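Number of protein chains: 4
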Amino acid sequence: MIKAGIIGATGYTGVELLRLLALHDDVSIEVVTSRELEGTAVATLFPNLRGYVDLAFTAPDDDALAACDVVFYATPHTVAMKTAAKLMARGVRVIDLSADFRLKDQAEWEQWYKEPHESPELIAKAVYGLPEVNRDQIREAQLIAVPGCYPTAVQLGYLPLLENGLVDASRLIADAKSGVSGAGRKAAVGSLLCESSESMNAYGVAGHRHLPEISQGLRAAAGGDVGLTFIPHLTPMIRGIHATLYAAPVGKVSAEQLQALYEDRYQSERFVDVMPMGSQPATRNVKGTNRCQLAVHYLEHSNNIVVLSVIDNLVKGASGQAVQNMNIMFGLNESAGLKTISLLL
Amino acid sequence: MIKAGIIGATGYTGVELLRLLALHDDVSIEVVTSRELEGTAVATLFPNLRGYVDLAFTAPDDDALAACDVVFYATPHTVAMKTAAKLMARGVRVIDLSADFRLKDQAEWEQWYKEPHESPELIAKAVYGLPEVNRDQIREAQLIAVPGCYPTAVQLGYLPLLENGLVDASRLIADAKSGVSGAGRKAAVGSLLCESSESMNAYGVAGHRHLPEISQGLRAAAGGDVGLTFIPHLTPMIRGIHATLYAAPVGKVSAEQLQALYEDRYQSERFVDVMPMGSQPATRNVKGTNRCQLAVHYLEHSNNIVVLSVIDNLVKGASGQAVQNMNIMFGLNESAGLKTISLLL
Amino acid sequence: MIKAGIIGATGYTGVELLRLLALHDDVSIEVVTSRELEGTAVATLFPNLRGYVDLAFTAPDDDALAACDVVFYATPHTVAMKTAAKLMARGVRVIDLSADFRLKDQAEWEQWYKEPHESPELIAKAVYGLPEVNRDQIREAQLIAVPGCYPTAVQLGYLPLLENGLVDASRLIADAKSGVSGAGRKAAVGSLLCESSESMNAYGVAGHRHLPEISQGLRAAAGGDVGLTFIPHLTPMIRGIHATLYAAPVGKVSAEQLQALYEDRYQSERFVDVMPMGSQPATRNVKGTNRCQLAVHYLEHSNNIVVLSVIDNLVKGASGQAVQNMNIMFGLNESAGLKTISLLL
Amino acid sequence: MIKAGIIGATGYTGVELLRLLALHDDVSIEVVTSRELEGTAVATLFPNLRGYVDLAFTAPDDDALAACDVVFYATPHTVAMKTAAKLMARGVRVIDLSADFRLKDQAEWEQWYKEPHESPELIAKAVYGLPEVNRDQIREAQLIAVPGCYPTAVQLGYLPLLENGLVDASRLIADAKSGVSGAGRKAAVGSLLCESSESMNAYGVAGHRHLPEISQGLRAAAGGDVGLTFIPHLTPMIRGIHATLYAAPVGKVSAEQLQALYEDRYQSERFVDVMPMGSQPATRNVKGTNRCQLAVHYLEHSNNIVVLSVIDNLVKGASGQAVQNMNIMFGLNESAGLKTISLLL
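Protein chains in written order, with full-length UniProt numbering: chain A, 1 to 345; chain B, 1 to 345; chain C, 1 to 345; chain D, 1 to 345.
Source of the hints: derived by calculation from the structure; they are not laboratory data. All values derive from a computational prediction rather than experimental measurement. Beta carbons are placed, not taken as given, at the ideal position from N, Cα and C, and that holds for glycine. One thing to keep in mind: the hints can contain errors.
[As the list claims (entries may be wrong)] Distance condition first, Cα-Cα at most 30 Å in a straight line; then the derived DSSO-like pairs of lysine-lysine:
1) Lys186/C <-> Lys114/A
2) Lys186/D <-> Lys114/B
3) Lys86/C <-> Lys125/C
4) Lys186/A <-> Lys252/A
5) Lys125/D <-> Lys114/D
6) Lys125/D <-> Lys82/D
7) Lys114/D <-> Lys3/D
8) Lys125/C <-> Lys82/C
9) Lys339/D <-> Lys3/C
10) Lys252/C <-> Lys339/C
11) Lys82/A <-> Lys104/A
12) Lys86/B <-> Lys114/B
13) Lys3/D <-> Lys252/D
14) Lys252/B <-> Lys125/B
15) Lys186/A <-> Lys186/C
16) Lys104/B <-> Lys125/B
17) Lys114/D <-> Lys82/D
18) Lys3/A <-> Lys114/A
19) Lys186/A <-> Lys3/C
20) Lys186/B <-> Lys186/D
21) Lys3/C <-> Lys114/C
22) Lys339/C <-> Lys104/D
23) Lys339/C <-> Lys339/D
24) Lys104/D <-> Lys82/D
25) Lys3/A <-> Lys252/A
26) Lys339/A <-> Lys252/B
27) Lys114/B <-> Lys339/A
28) Lys125/A <-> Lys114/A
29) Lys125/A <-> Lys104/A
30) Lys339/B <-> Lys3/A
31) Lys3/D <-> Lys186/B
[Claimed, not checked] Derived CB-CB ranges, DEER-like:
32) Thr40/B <-> Ser254/D: 53 to 59 Å
33) Asp26/B <-> Ser254/A: 43 to 49 Å
34) Pro276/B <-> Tyr113/C: 25 to 31 Å
35) Gln111/A <-> Ser335/B: 30 to 36 Å
36) Val250/B <-> Glu38/D: 41 to 47 Å
37) Met277/D <-> Thr40/B: 48 to 54 Å
38) Ser28/A <-> Arg90/B: 46 to 52 Å
39) Lys104/A <-> Arg135/B: 37 to 43 Å
40) Asp105/B <-> Tyr113/C: 39 to 45 Å
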């Protein structure tokens with residue numbers, strides 16, 4: 001039984017982790033921390049967990065956390081970089097769902113997050129937890145930086161094209177649409193039902209924090225520089241990311257060739273589902289699951305490649321991917337605790 | 001391994017059954033029938049099932065169905081009453097999610113469904129599949145009439161009061177609100193997003209088909225006649241029923257006494273969750289799960305009892321309850337395949 | 001041209017007032033106050049108003065407000081009771097959309113709002129602004145207490161029955177459903193799209209602040225005590241209230257008689273639309289409009305009367321009714337600025 | 001008073017036309033046709049129109065229609081091309097909201113709509129009703145082809161760039177998101193709330209009928225060929241189109257220069273609102289109104305121009321634009337009947 005702790009479990013990635021871990025046969029949730037809600041039963045805050053999670057929130061306590069085999073940070077950024085080292089020194093494996101260790105370039109991190117990084121020595125140690133790229137390093141890692149939601153959807157969509165040098169990497173356009181849960185469980189006017197339902201808008205056009213993370217991943221895949229325009233949009237639904245990815249082929253391509261390329265690249269990936277040619281995946285297909293569904297299209301009339309990539313931002317885009325990383329780290333079946341089927345409706 | 005067949009699996013209760021059975025460790029789905037979609041892969045229609053259900057829809061075939069241990073009817077009413085007898089004669093156990101065998105009074109059935117009942121001899125044989133009332137009969141049954149969604153939410157809410165004669169049974173008022181999936185996967189203008197989103201209305205005020213079913217169950221609990229006003233409402237959400245139940249106490253009652261009564265009545269029921277005093281359950285707490293959450297309130301200022309009862313209409317109100325019945329019939333753990341936690345959001 | 005000021009125009013009733021007044025031919029908006037947003041253009045906060053409202057928010061200023069003919073308080077409760085007297089002393093007519101002057105019984109107000117009332121002398125002066133009851137007093141009033149949203153829907157629905165003594169006033173049950181905008185433009189976790197979409201729940205079961213307001217109005221109509229159970233529910237939509245009202249007839253009644261009663265009571269009311277017999281009004285019918293749609297049903301099988309009453313909580317339930325009051329006070333056509341048709345979808 | 005007829009008023013563009021024309025001071029609605037609903041009161045089908053439209057649907061009748069000054073076709077494509085000539089011969093001015101006369105190239109029309117065009121002689125006569133481009137011709141036209149919803153949003157967004165040759169017209173990418181009302185009031189499974197709420201997907205990736213219409217308009221603006229990738233998406237909301245438009249500058253540009261260009265191009269257009277630099281318009285800003293809101297961004301890091309363009313697909317994208325055309329044709333104030341402010345929420 002893997003003993004797990006969750007720091008900052010009052011947000012959406014937190015409750016999602018609790019949902020997944022509570023039914024994971026190999027995991028026992030030992031500690032769930034929250035400073036403000038110390039003493040409150042977890043199931044009082046999240047009544048879906050009644051009967052499944054009997055713990056109360058506790059204030060963060062080093063000894064309790066250090067007694068865990070693995071600790072998840074489901075916190076806003078800057079929390080993990082301040083305290084992870086301490087836990088790691090006591091042998092705990094750390095899975096950070098925040099952005100603290102995602103960027104390999106410290107200066108770039110500091111530019112986008114507008115404060116000094118407090119654990120620069122851990123940046124190099126951290127493994128970027130995208131199993132479809134870094135499975136081997138994840139196995140041995142003590143610190144995982146779980147990818148962001150947009151970065152997961154966009155990278156999985158572009159990887160086959162870039163790894164094979166099939167497209168003009170200097171003019172990639174990623175038009176991404178996210179449900180409102182991406183904004184978290186923070187009381188903010190913009191996330192109110194009355195403000196975000198029955199409407200849609202772009203945001204972060206001038207620059208979104210996921211841009212450098214995506215670029216870093218795409219550069220690695222392309223083996224060189226990339227030019228990326230990334231425009232995120234807020235969509236009136238709770239969960240889901242739909243990334244529509246555009247790329248211009250550098251040579252002659254065909255729909256059949258692209259289809260084969262994608263099927264080949266992901267044939268042994270159980271959480272990446274390449275749809276049949278001509279498909280247009282809907283985010284609801286993967287809601288509540290750790291799956292990414294992909295479809296690749298070639299438009300002859302404009303000689304453009306369009307990739308459609310959908311995930312659940314809270315699962316494959318956060319907590320599910322965190323559990324997938326944990327499974328790999330602890331030598332479990334990679335899909336342990338993640339075999340679920342979307343409600344569809 | 002229980003061999004299961006599903007007749008009419010193209011509707012919402014059908015895809016929900018598929019979702020639940022596909023992950024049920026003791027069940028193998030053998031046959032999924034649909035006349036119009038014969039030959040189409042199930043996962044083409046329902047892309048959430050890709051990788052989980054590899055069957056194609058087939059035209060109904062007696063031999064294929066008779067080779068099953070259990071056959072579910074996820075059909076509109078009047079289908080099961082025409083063909084169930086044949087399957088039962090060959091030893092198959094039948095779980096009917098439609099209304100064909102719910103009413104014990106044939107004349108009443110014919111009045112509400114406006115056609116002659118074609119299997120009157122099965123009406124008496126059928127067990128009304130509300131485990132919280134009829135568990136022992138379900139165990140031995142060959143034919144189960146799975147309760148309707150509203151009837152499940154309303155009966156579970158009223159049972160403790162009526163079984164104990166605590167309220168005036170002649171003036172019960174059940175104000176119920178349902179998500180749009182209650183109308184099924186039928187192309188109907190009223191169920192379009194544009195018609196049913198951002199709006200709410202009552203329907204069936206003059207008389208809804210669930211009224212006689214609810215009354216039948218409440219009469220049994222009360223041991224006598226009941227007077228019931230039942231008003232269903234269409235609510236702009238996909239899943240969920242919220243029943244708000246009103247009853248006038250016949251003697252002196254207290255909130256504490258009512259709370260104890262409900263906790264006691266349902267203490268060994270794993271799918272009925274009596275919430276703490278003062279609770280106001282939300283339908284999202286139980287979305288995708290087989291759980292009914294209940295809260296009982298006593299309003300001193302108006303001397304009225306108010307019970308709040310929430311279920312997922314497609315799970316505890318249909319397919320989940322069907323699986324629960326199957327588990328009981330086949331001697332499995334009653335919650336096999338039903339241990340899921342709501343997404344909450 | 002009526003010079004109008006709005007205090008606290010950053011909330012939902014505020015922006016709704018702005019929308020209505022900006023197109024009102026007889027009104028000029030002179031002052032829009034907000035302490036936090038002083039200096040911000042109104043149309044920056046509310047981009048639907050670009051080109052229609054060119055003002056910026058200003059800090060509340062007595063002289064600027066006193067120069068208005070009418071001042072609207074679109075503030076949380078307790079603001080109007082602290083400052084309205086000053087404006088009234090300078091001849092301004094005041095229309096208060098908050099709860100400060102709705103209850104005639106000071107002690108009751110203080111019990112429900114949990115603080116001392118600071119303008120008890122104005123309570124008697126204030127006219128309860130339900131034109132369908134108090135039109136004559138409104139005409140002469142200097143201070144209007146605009147009714148709450150639930151109270152408007154519930155009173156308009158019950159009035160004909162109670163004014164004519166047709167029902168048992170001791171056991172009224174009002175089951176009301178509201179869109180999320182009723183909670184206002186306040187950053188609160190419970191009003192987030194992720195929390196309130198795809199779910200429904202009752203709230204305020206133990207006692208909601210609109211209960212005494214409704215009771216006060218119903219007592220006046222009945223000419224005596226009433227017993228009211230009032231249960232509000234949160235519904236996943238932005239706007240709209242659907243009140244389902246139950247009442248037991250004291251003598252013999254018929255659907256035709258009730259229909260005639262309602263049509264007669266409201267025949268000269270341009271904002272109350274009695275639907276044809278058998279109707280089930282949807283909240284979307286009246287979205288964005290100042291209309292209340294009513295349908296009255298008699299259920300023979302349970303000898304119960306059910307009234308369905310729908311309004312837009314922000315219009316007839318707040319800002320539209322405020323404008324209607326203003327029109328009456330200033331001798332304008334009662335529907336000036338209020339002739340709009342719902343989008344329906 | 002302009003006498004107006006509407007053919008096929010039972011769909012969403014029909015009810016929207018009725019809503020707008022019923023409050024238009026210079027218009028009297030004379031005839032509203034529907035074969036299936038002959039005899040039904042319009043306000044029975046659309047209860048938002050109670051008290052505003054007293055007509056019943058009638059079967060199409062040449063004499064009744066010919067007595068109108070203007071007839072609107074709110075029909076599926078192929079209806080107008082079969083009957084408009086007859087009406088025009090009797091002097092009626094025709095405004096067609098369908099696609100029958102939008103494409104100037106008959107062969108292209110027949111390729112996309114897969115049937116022979118039955119009024120080729122009217123194709124040349126028809127004026128494409130985008131007032132921001134063709135105002136002068138609209139004034140004199142007898143036959144207007146009202147632009148499609150996507151084409152309106154996309155063309156208004158791209159016009160200033162293409163008219164001035166500022167971008168590489170061979171690689172335009174229009175990623176567009178539409179509410180579900182774009183699919184019309186047709187009972188179709190894909191448009192059910194349960195299918196389209198809480199999800200998002202691309203559709204028509206291989207080729208959407210609006211592609212040739214958009215290309216035709218962009219070619220005219222660019223004065224030459226264009227290469228366009230157009231990907232529409234279904235978004236879980238009722239109304240609204242959000243077009244995100246990408247274009248690569250051919251020379252050096254700056255945000256300030258682009259802003260000035262857009263403000264200049266649209267300075268006298270009352271229904272195109274160029275937002276301040278850095279804006280990200282939301283579809284709700286324009287819901288229910290005839291307005292297009294635009295924002296233009298220049299991304300230095302990827303040397304890309306991004307234009308955000310939002311409209312209400314049923315108003316500026318259909319019925320509102322139709323009324324705007326009528327106003328121009330009849331010499332009225334161009335915004336007569338169209339001065340409305342979005343509800344915002």
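ask   = lysine 86/B and lysine 114/B: Cα distance at most 30 Å?
value = Within the cut-off at roughly 24 Å; holds.
request  = Would you check the hint for lysine 125/A and lysine 114/A, treating anything up to 30 Å between C-alpha atoms as holding?
outcome  = holds, 22 Å
ask   = Does the Cβ pair glutamine 111/A, serine 335/B satisfy 30 to 36 Å?
value = violated, 52 Å
ask   = Within a Cα-Cα threshold of 30 Å, do lysine 339/C and lysine 339/D meet the stated pairing?
value = Answer holds: lysine 339/C to lysine 339/D is near 13 Å, not above 30 Å.
inquiry  = Given a hint of 46 to 52 Å, does the C-beta separation of serine 28/A and arginine 90/B actually sit inside it?
reply    = holds, 47 Å
Given hint lysine 186/D paired with lysine 186/B - CA-CA distance at most 30 Å = holds, 12 Å
ask   = Is lysine 104/D within 30 Å of lysine 82/D, Cα to Cα?
value = Within the cut-off at roughly 17 Å; holds.
request  = Assess, step by step, whether the Cα of lysine 252/B is no farther than 30 Å from the Cα of lysine 125/B, and give holds or violated.
outcome  = At roughly 41 Å apart (the allowed maximum being 30 Å), lysine 125/B and lysine 252/B break the hint.
query = Quick one, are lysine 86/C and lysine 125/C close enough, alpha carbons at most 30 Å?
reply = The hint holds at about 14 Å.
ask   = At the C-beta level, are threonine 40/B and serine 254/D separated by a distance inside 53 to 59 Å?
value = Holds: the Cβ-Cβ distance is about 55 Å, inside 53 to 59 Å.
inquiry  = For a C-alpha distance cap of 30 Å, please report whether lysine 186/A and lysine 186/C respect it.
reply    = holds, 12 Å
request  = With respect to the beta-carbon atoms only, verify the hint that methionine 277/D and threonine 40/B lie 48 to 54 Å apart.
outcome  = holds, 52 Å
When the structure is compared with the earlier hints, violations turn up for hints 4, 7, 10, 13, 14, 18, 19, 21, 22, 25, 26, 27, 31, 35, 36, 39 and 40 and for no others.
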